[in-house]
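Put together the whole structure using the sequences plus the hints.
2 protein chains.
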Amino acid sequence: MAIPFDRGYYKQPFAKLVSEYPAEDIYPPADFRVEWGPVFHRGRLDGSARVLIIGQDPAQHEVVARRILVGTAGKRAQGFLRRLGITRSYVFINTFLYSVYGQGGGTRHIGDPGITAYRNRWIKAILDRSPIEAVVALGGLANTAWQNWLASPDAAGRSSLPFQHLTHPTWPESSADTNAERLVAVTKMLENWNDGLAALKPIIHHPDTTEPLVPYGTAFAAGDLPDILPDDLPPGTPAWMRTEEGWATRKGETPLEKRRTIVVRVPKGVLPA
Amino acid sequence: MAIPFDRGYYKQPFAKLVSEYPAEDIYPPADFRVEWGPVFHRGRLDGSARVLIIGQDPAQHEVVARRILVGTAGKRAQGFLRRLGITRSYVFINTFLYSVYGQGGGTRHIGDPGITAYRNRWIKAILDRSPIEAVVALGGLANTAWQNWLASPDAAGRSSLPFQHLTHPTWPESSADTNAERLVAVTKMLENWNDGLAALKPIIHHPDTTEPLVPYGTAFAAGDLPDILPDDLPPGTPAWMRTEEGWATRKGETPLEKRRTIVVRVPKGVLPA
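Protein chains in written order, with UniProt numbering: chain S, 1 to 273; chain F, 1 to 273.
Treat the hints as calculated values from the structure; they're not laboratory data.
There are no misleading hints in this set.
Restraint ranges, calculated between C-beta atoms of paired labels, are given here:
1. S/V214 <-> F/R88: 50 to 56 Å
2. F/D208 <-> S/H206: 44 to 50 Å
3. F/K11 <-> S/P255: 41 to 47 Å
4. F/L256 <-> S/G157: 58 to 64 Å
5. F/T243 <-> S/L256: 18 to 24 Å
6. F/G223 <-> S/M1: 42 to 48 Å
7. F/K268 <-> S/T243: 34 to 40 Å
8. S/A222 <-> F/E173: 45 to 51 Å
9. F/K11 <-> S/E24: 30 to 36 Å
10. F/S160 <-> S/Y10: 32 to 38 Å
11. S/M1 <-> F/A221: 45 to 51 Å
12. S/V184 <-> F/K11: 50 to 56 Å
13. S/H205 <-> F/H206: 53 to 59 Å
Covered stretches of chain F (chain S as the covering partner; in silico rule of three or more C-beta atoms under 8 Å from a C-beta of chain S):
14. 3-14
15. 35-45
16. 233-240
17. 257-266
Straight-line C-alpha distance at most 20 Å; calculated EDC-like pairs for lysine to aspartate or glutamate:
18. S/K11 <-> F/D46
19. S/K16 <-> F/D46
20. S/K258 <-> S/E35
21. S/K16 <-> F/D231
22. S/K188 <-> S/D224
23. S/K251 <-> F/E253
Cβ coordinates follow ideal geometry from the N, Cα and C atoms, glycine included.
Set out below in structure tokens:
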């Protein structure tokens, strides 16, 4: 049985883009984990993407899988797309190529011209080649990223695309101090996402599946954390990296040790006990 | 400045090969770490390889980098090739797609028809497309792998290729109990490698560099552990994964925990202290 995989960045302009990524001179190591390398995208670069999603920054799962949005945030976003009938015609890029380190680094650098210019090259490359019907920003920095694209010379003269700015998928975890607060935040986020679904559903004219829209309830339900497609990951990637959650952690006794170290752990049940 | 990278398995027959790899039904999980996924190759698949090297099996660095022979064994083999003037016109494959687990698993399964058949598809794909001038086996199992290819129907009718069976690059570490023993073993291995160099140098007609052959001394010298080329690794791979040694370890209190866990640690000096 053939196992699909992502053929990667072999075609132009993507081959050129991934060989010309900004390094420490553009992304200061005080605010970005440049030491783990840039992570570029996930999804279709072959001209079949209908929805462009802009996320924020890669974390520990993403630098291991070398594709963005494979952790919790990514699975939640994948579930959002599924409710729109988009099961494979998507492409994800991030606001930042590297994980934001510490507090406020993202906000501090969202206007940096070198960061914006490279991100805009990706947006241009995708929009030039894919019949994108809608753009979604996950969180405030991604929203700014899209606005910075719209203000750029390369965006001039293009017809305007439907756009939704959604609450970031892990905002409930980052904003809540208690589990009760987290559950309230999830409900609030899903209300925001339901508005997004209602706005996007009618303007996505070429979905992969055509079931009627079912909005979220007050909490995530079964099916809202779908597996990542094998088509989205490099060949040979173990299945648990796309079907399981929480298989990579940062660990260390000191901030420096924690920054240096990622522990990858095959989830329980994959191996016989 | 453009950073070269490996464009991967986008062309046939490699795209098909990496989507049809043998899984647990062929590689029993009792003897192979199938849970980390297969790792296929390193080096040129574009028809420019002049030397085919067959290694043994991937370890922890390789499943993180998703290319084989990037750890100590790989760097030593890279240094061997450099002495032959081969700095980029090489391709590495392994005897096994997955890391051998426990004692004797490699020997037990070296004759398995499913394992051999898939490996032979890779050898055929490489020999059909690349002007290979010499084949090198690292260790006894790799030697058997090559003999099993020669005995296969797809090898019939081809002109015979110069072949060298070398001592496996980390045999000194795996055979010695003390550092003194290890140093003796290194000397013995380098004598074996010098025989290989002497045999191969005259029959490699298209080296990348043309310096005269300088044999090894009694120990590895500066330059014998060259960096892995960025061209050999996926785009975005941090430079320290190809320039530094020993950045991934298996860790766990129990055998199962150790099997489940790989700790990746950015080497000292990459991050400011």
